[in-house]
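Please model the entire structure based on the sequences and the hints provided.
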Amino acid sequence: MSVKIEPKNGLTVCYIDGEVDINSSPDIKKSFDKLISKKTPKIVINFSKVAYVDSSGLATLVELLKNMKAYSGRMRLVGLSPKIKSLFEITKLEKLFEIMNTEDEAISTF
Amino acid sequence: MEMKKLVIEVPSEIKYIKDISSKILKLLATYGIDDDTLFDIKLCAEEALRNAIEHGNGCDKKRSVKVSLWVDDGKVNIEVEDKGSGYNPELLPDPTDNGNLMKNSGRGVYLIKKLMDEVKFNKAGNTITMMKRIG
Chain A
17 MSVKIEPKNG LTVCYIDGEV DINSSPDIKK SFDKLISKKT PKIVINFSKV
67 AYVDSSGLAT LVELLKNMKA YSGRMRLVGL SPKIKSLFEI TKLEKLFEIM
117 NTEDEAISTF
Chain B
3 MEMKKLVIEV PSEIKYIKDI SSKILKLLAT YGIDDDTLFD IKLCAEEALR
53 NAIEHGNGCD KKRSVKVSLW VDDGKVNIEV EDKGSGYNPE LLPDPTDNGN
103 LMKNSGRGVY LIKKLMDEVK FNKAGNTITM MKRIG
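Residue numbers (my numbering), protein chains in the order written: chain A, 17 to 126; chain B, 3 to 137.
Calculated from the structure, these hints are not laboratory results.
Please note: incorrect hints may appear among the correct ones.
With a straight-line Cα cutoff of 27 Å, these simulated DSSO-like cross-link-like pairs (lysine-lysine) come out [unchecked claim]: (1) B:K20 / A:K20; (2) B:K115 / A:K111; (3) A:K54 / A:K65; (4) B:K116 / A:K99; (5) B:K105 / A:K45; (6) A:K85 / B:K105; (7) A:K46 / B:K105; (8) A:K58 / B:K105; (9) A:K99 / B:K122; (10) B:K77 / A:K101; (11) B:K28 / A:K99; (12) B:K105 / A:K111; (13) A:K54 / A:K24; (14) A:K99 / B:K85; (15) B:K115 / A:K99; (16) B:K20 / A:K46; (17) A:K99 / B:K44; (18) B:K115 / A:K108; (19) B:K44 / A:K45; (20) B:K122 / A:K108; (21) B:K105 / A:K108; (22) B:K20 / B:K116.
A quick note: this is a predicted structure, and the numbers were derived from the prediction, not measured.
Written as structure tokens, this is what we have:
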């Protein structure tokens with residue numbers, strides 16, 4: 017699993033490549049901790065290279081969102097496969113997260 | 003007649019979760035199961051294993067977790083047993099309640115119940131048996 021962080025159009029876009037699960041969650045958290053400590057206001061996370069998310073991965077994303085909300089930061093998730101999107105629907109986490117289809121859409125309307 | 007295809011017993015360490023789910027998926031590779039169903043089976047097996055290792059056995063390496071897999075009548079069955087004192091799954095809070103949505107845990111068993119076709123717990127609450135239709 018890797019996380020590539022790129023500034024784009026005044027936002028921060030994070031590309032996760034690999035599984036977002038119990039094994040990778042500590043590293044994902046570490047990657048985002050740097051952005052959160054700098055109070056990065058707007059983060060787009062691109063999931064187009066993520067094929068698997070488990071409850072640990074969901075919990076990590078909830079924690080990131082909570083930490084961002086503490087300083088009024090906002091996070092958007094894009095590029096989720098239908099299967100991974102369905103996990104957000106089943107767990108009702110779609111109510112918490114701003115989920116959009118494409119990175120362009122998320123950036124242009126942020 | 004049910005035929006056990008795989009029985010594995012491992013110490014309670016998180017590192018074994020991926021080994022076991024890989025073995026399960028390798029064994030199921032010959033059944034022509036679609037990707038979404040395999041995703042559900044992998045996820046639920048890993049969630050049940052994590053629960054057994056962390057909550058059931060409290061990550062005590064001296065306590066083992068036993069996983070059994072068998073396929074019969076177009077159904078994949080997975081059983082995960084720990085050595086803990088068990089719990090009542092009915093008492094778990096609903097992670098989709100508004101007050102629980104922001105919590106960092108509590109979605110594992112919920113996902114298993116939603117994604118598998120049948121989920122049973124033994125009376126003691128330390129063995130979960132899950133079934134997913136593949137036919």
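>> Checking each numbered hint in turn, tell me which of them this model violates, lowest number first.
In response: 14
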